[in-house]
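Protein chains in written order, with this note's numbering: chain A, 3 to 266; chain B, 34 to 299.
Some hints could be false.
[Unchecked claim] Only some residues are given here: those of chain A computed to face chain B with a beta carbon under 10 angstroms:
hint, residue
1, 22
2, 49
3, 56
4, 124
If you're looking for bench data, these hints aren't it; they were derived computationally from the structure. Idealized CB from N, CA, C, for every residue including glycine.
Below, each chain spelled out in residue letters.
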Amino acid sequence: MKEELHFALYAIKKNIQSSAELRTSFLMNVFGMAINNVAFIVLWVFFVQSVGVIGGWTAADIVGLQGFTALCYGLSLTFSGGIKRLPDYVANGSFDRFMLSPKNILVRVATSAFGASGVGDIVFGVTCLVIYGVLIHASIAQALLIVLLVALSTVLFFAVVVVIYSVSFLFTDATYIVNGIFELFLTPSLFHGGAFQGAIRGFFMFIVPALLVGTIPVEIVKDLSMEKLAIVGAFTVIWSVLAIKIFNRAVRRYESSNFMTFGG
Amino acid sequence: MKEIRLANKIIKTLIKDRIQYPGRLFADTSSLVARCGVLLLLYSYVFKLNNGVVNGATFDVVAWSMFFYFSFSVLGLSSISRRIMNDVTSGHVEVFLSKPIVYLSYRAWWAIGTGIYPFLVVTPLGALALALTVGIPQTMTTTLFISTFVAAFIGAIALTLLVYSILGLFAFWIEDASPVFWVVDKAVMILGGSYLPIALFPDFMYKVALYSPFGASVFVTHTAYESWASVWYKLIGIQLFWILVLGTVTYLMFSKAVKKVSVNGG
Numbered sequence: 003m004k005e006e007l008h009f010a011l012y013a014i015k016k017n018i019q020s021s022a023e024l025r026t027s028f029l030m031n032v033f034g035m036a037i038n039n040v041a042f043i044v045l046w047v048f049f050v051q052s053v054g055v056i057g058g059w060t061a062a063d064i065v066g067l068q069g070f071t072a073l074c075y076g077l078s079l080t081f082s083g084g085i086k087r088l089p090d091y092v093a094n095g096s097f098d099r100f101m102l103s104p105k106n107i108l109v110r111v112a113t114s115a116f117g118a119s120g121v122g123d124i125v126f127g128v129t130c131l132v133i134y135g136v137l138i139h140a141s142i143a144q145a146l147l148i149v150l151l152v153a154l155s156t157v158l159f160f161a162v163v164v165v166i167y168s169v170s171f172l173f174t175d176a177t178y179i180v181n182g183i184f185e186l187f188l189t190p191s192l193f194h195g196g197a198f199q200g201a202i203r204g205f206f207m208f209i210v211p212a213l214l215v216g217t218i219p220v221e222i223v224k225d226l227s228m229e230k231l232a233i234v235g236a237f238t239v240i241w242s243v244l245a246i247k248i249f250n251r252a253v254r255r256y257e258s259s260n261f262m263t264f265g266g
Numbered sequence: 034m035k036e037i038r039l040a041n042k043i044i045k046t047l048i049k050d051r052i053q054y055p056g057r058l059f060a061d062t063s064s065l066v067a068r069c070g071v072l073l074l075l076y077s078y079v080f081k082l083n084n085g086v087v088n089g090a091t092f093d094v095v096a097w098s099m100f101f102y103f104s105f106s107v108l109g110l111s112s113i114s115r116r117i118m119n120d121v122t123s124g125h126v127e128v129f130l131s132k133p134i135v136y137l138s139y140r141a142w143w144a145i146g147t148g149i150y151p152f153l154v155v156t157p158l159g160a161l162a163l164a165l166t167v168g169i170p171q172t173m174t175t176t177l178f179i180s181t182f183v184a185a186f187i188g189a190i191a192l193t194l195l196v197y198s199i200l201g202l203f204a205f206w207i208e209d210a211s212p213v214f215w216v217v218d219k220a221v222m223i224l225g226g227s228y229l230p231i232a233l234f235p236d237f238m239y240k241v242a243l244y245s246p247f248g249a250s251v252f253v254t255h256t257a258y259e260s261w262a263s264v265w266y267k268l269i270g271i272q273l274f275w276i277l278v279l280g281t282v283t284y285l286m287f288s289k290a291v292k293k294v295s296v297n298g299g
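Next comes chain A alone, as it looks inside the complex (with noise of 0.2 angstroms):
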């Protein structure tokens, strides 16, 4: 364990250092996914102004949601970016090399791949989180509630992404199909938390956990639910043994698929 998690950290440093060579490139990348993100702000600040608080979500509410969604997708996928290309590495028949590696096939395909743009989302989420902070005047149990639901939050996204990029190995072209599940996960968990309610928003929490990465957390936050918690970090443990189950299950089924090629 201790020796994977010393593989994954060297693996991440050496993705930055090669991300970080191409500079203007990488600022570009950092700075347009920021400003990328603050369209989901401006969309949901105008709604609540339009049609009045809903569910008891303000406007900081919208601003908190943001910053969890976009620091647990910028941690998962900035330095596990890897796992978005798990499609690509099935298909061509690029997986084969971590298969022949030693090391832990999906800290392997994890590290794999670094993603700039996704320095933007954690820079953009931790500002989001802090301005959150000052608006609803946290107090350090709140504050401290903060971090670690991104903690768990990070996790659980994390692991459903797992999950997701897994049925690359069940299907010939899988890069669509993976792109679908992850978006049916992803979108609402960008929509204004207070408007889901009822059957809707028991299916977006145990089935697709899409509340959970930012809805539910903002709500803990707020409430300082400790029912809430309790669910968010039920869900990320079972979220987290299944993804390895499944992906290790998933890996069963791949096939290589070698590419014949000749020539210099």
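For this one, chain A is given, so just place chain B on it according to the hints.
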């Protein structure tokens, strides 16, 4: 004539290609359900809380307006940008430029050909589902609506292709033009009336949506509203204006870009 033959060939080939990959159709459908479907469920709740009317608009009109946006996005015309960027960064652009075709129109037909099959499958199904669940608003049953909708739709295709072609051409000057793409794409998303319907726009934002090329590229979303009957000629005029302006910009940028290409062999 040659141009029409080329367009016809590209579109036919790409439709045949897309039919072979049902997974891609699934992706387009789930994308529409994830974005539009969930949004409509949320807005139905919001409208219910406000006794069925928000800012003078009813839910059925807002639902159709948003559906038009997401259905139009299934056409995937923004992909022209990525393809141009890839051609430039990979160097393939030199191959296209040496062929007896107009590169940008080839890429435009390619973008249309890639999206037309999912659009023709997903849109009627979505429209049927919407008609059965929320009904068809009065504003969409007039003769004026049908004729002007087609004009606004064609204008939207032309303008979208121009906006995203310009973004793609930035790749000739910028190492990685993706960040510019994200920002413009979000501007189109906001001003097009996707997540926030036009009826809920604050006054200044409505004006920006009206007079900017980003909002004008998705004017189809305005067609469901009652106000369309009185402003359609103005909006289509704005669309035509931007098509002329951006058409000229695209032409000038492309002429300059071609001069920048240096063939190094390999």
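Results of checking the hints against the structure:
{"no.": "1", "hint": "22", "in the structure": "violated, 14 angstroms"}
{"no.": "2", "hint": "49", "in the structure": "holds, 6 angstroms"}
{"no.": "3", "hint": "56", "in the structure": "holds, 6 angstroms"}
{"no.": "4", "hint": "124", "in the structure": "violated, 16 angstroms"}
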